[in-house]
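2 protein chains.
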Amino acid sequence: MTKPAKHVFICGQNRGPGHPRGSCSQSGAPAVWEEFAFEFQQRNLNGQFALTNTGCLGPCNGPHVLVYPEGVMYAKVSKGDVKTIIEEHLLGDTPVARLQLPAEIWG
Amino acid sequence: MTKPAKHVFICGQNRGPGHPRGSCSQSGAPAVWEEFAFEFQQRNLNGQFALTNTGCLGPCNGPHVLVYPEGVMYAKVSKGDVKTIIEEHLLGDTPVARLQLPAEIWG
Chain A
0 MTKPAKHVFI CGQNRGPGHP RGSCSQSGAP AVWEEFAFEF QQRNLNGQFA LTNTGCLGPC
60 NGPHVLVYPE GVMYAKVSKG DVKTIIEEHL LGDTPVARLQ LPAEIWG
Chain B
0 MTKPAKHVFI CGQNRGPGHP RGSCSQSGAP AVWEEFAFEF QQRNLNGQFA LTNTGCLGPC
60 NGPHVLVYPE GVMYAKVSKG DVKTIIEEHL LGDTPVARLQ LPAEIWG
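For the protein sequence lines, the chains are A and B, in the order given. The numbers in numbering that gives the first Met the number 0 rise by one with no breaks, and the one at position 27 of the first sequence is 26. The numbers in numbering that gives the first Met the number 0 rise by one with no breaks, and the one at position 45 of the second sequence is 44.
Okay, chain A solo, but in the shape it has when bound (with noise of 0.2 Å):
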């Protein structure tokens, strides 16, 4: 275990079905954690990143994935998405702007 050049945290939080609020885990993130997961796994990036699982974020608008050090709240991810996080902003350190929450909210 070393500390992570970047740090994924993936919300896990689940209300149950039919919640006013939603939850992340109702909206998909388990499939999103997976995907994660198996990426990290099959391009050996553990050790270099780190994958873990949170209660609420804040802002219920997920699945949401939060990546330090830059503090970058991504919303409504799917697991087609995780591919692009990866490469786009793990590997090539450009945060993915269509996926970003809007300033309003997490700026």
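The hints are simulated quantities; they were obtained by calculation from the structure and are not laboratory data. Some hints here could point you the wrong way.
Claimed, not checked - Using C-beta positions, here's what the derived DEER-type ranges look like:
1) Thr-83/B - Lys-78/A: 38 to 46 Å
2) Arg-20/B - Glu-103/A: 41 to 49 Å
3) Arg-42/B - Lys-2/A: 26 to 34 Å
4) Arg-42/A - Arg-42/B: 39 to 47 Å
5) Gly-27/B - Gly-106/A: 31 to 39 Å
Unchecked claim - Okay, the calculated bits of chain A under chain B, using three or more residues with CB under 8 Å as the criterion:
6) 51-61
7) 67-75
Owing to the predicted nature of the structure, the values given are computational and were not obtained by experimental measurement. Where a beta carbon is used, it is the ideal one built from N, C-alpha and C, also for glycine.
Given chain A, put chain B in place with the hints provided.
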């Protein structure tokens, strides 16, 4: 919800009593979480700083508290250490050296 100046992640992993690897929840993490939440409320720090519970953070020498954007990992945090972390690190911007994991583990 705005992007916090500092984001405090507290491990809540629970492997049950007697597990050979231990776990933060069995080592006192719930009391650490409660103390952070209490102090954040008392000092009106919510908004400026964020508090999030997590799954396993890796080193398993907890309770672990991880503060970003610095990426400072604290180990064996007690309820009594919480005010120190808030005052010295969050408000004073000086991480608490005596509570940090050694650089060979998280450096």
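How the hints compare with the structure:
Against the hinted window of 38 to 46 Å, the Cβ-Cβ separation of Thr-83/B and Lys-78/A comes to about 42 Å, which satisfies the hint. Distance hint check: the CB atoms of Arg-20/B and Glu-103/A are about 43 Å apart, consistent with the given range 41 to 49 Å. Against the hinted window of 26 to 34 Å, the Cβ-Cβ separation of Arg-42/B and Lys-2/A comes to about 28 Å, which satisfies the hint. For the hinted restraint 39 to 47 Å between Arg-42/A and Arg-42/B, the CB-CB distance of approximately 42 Å keeps it satisfied.
Remark: the range hint 31 to 39 Å for Gly-27/B to Gly-106/A is upheld by a beta-carbon distance near 35 Å. With a cut-off of 8 Å between beta carbons, the segment 51-61 of chain A has 8 residues touching chain B; three or more are needed, and the interface restraint holds. With a threshold of 8 Å between beta carbons, the proposed coverage of the segment 67-75 of chain A by chain B holds, since 5 of its residues qualify and at least three are required.
Comparing the model with each numbered hint stated earlier shows that all of them hold.
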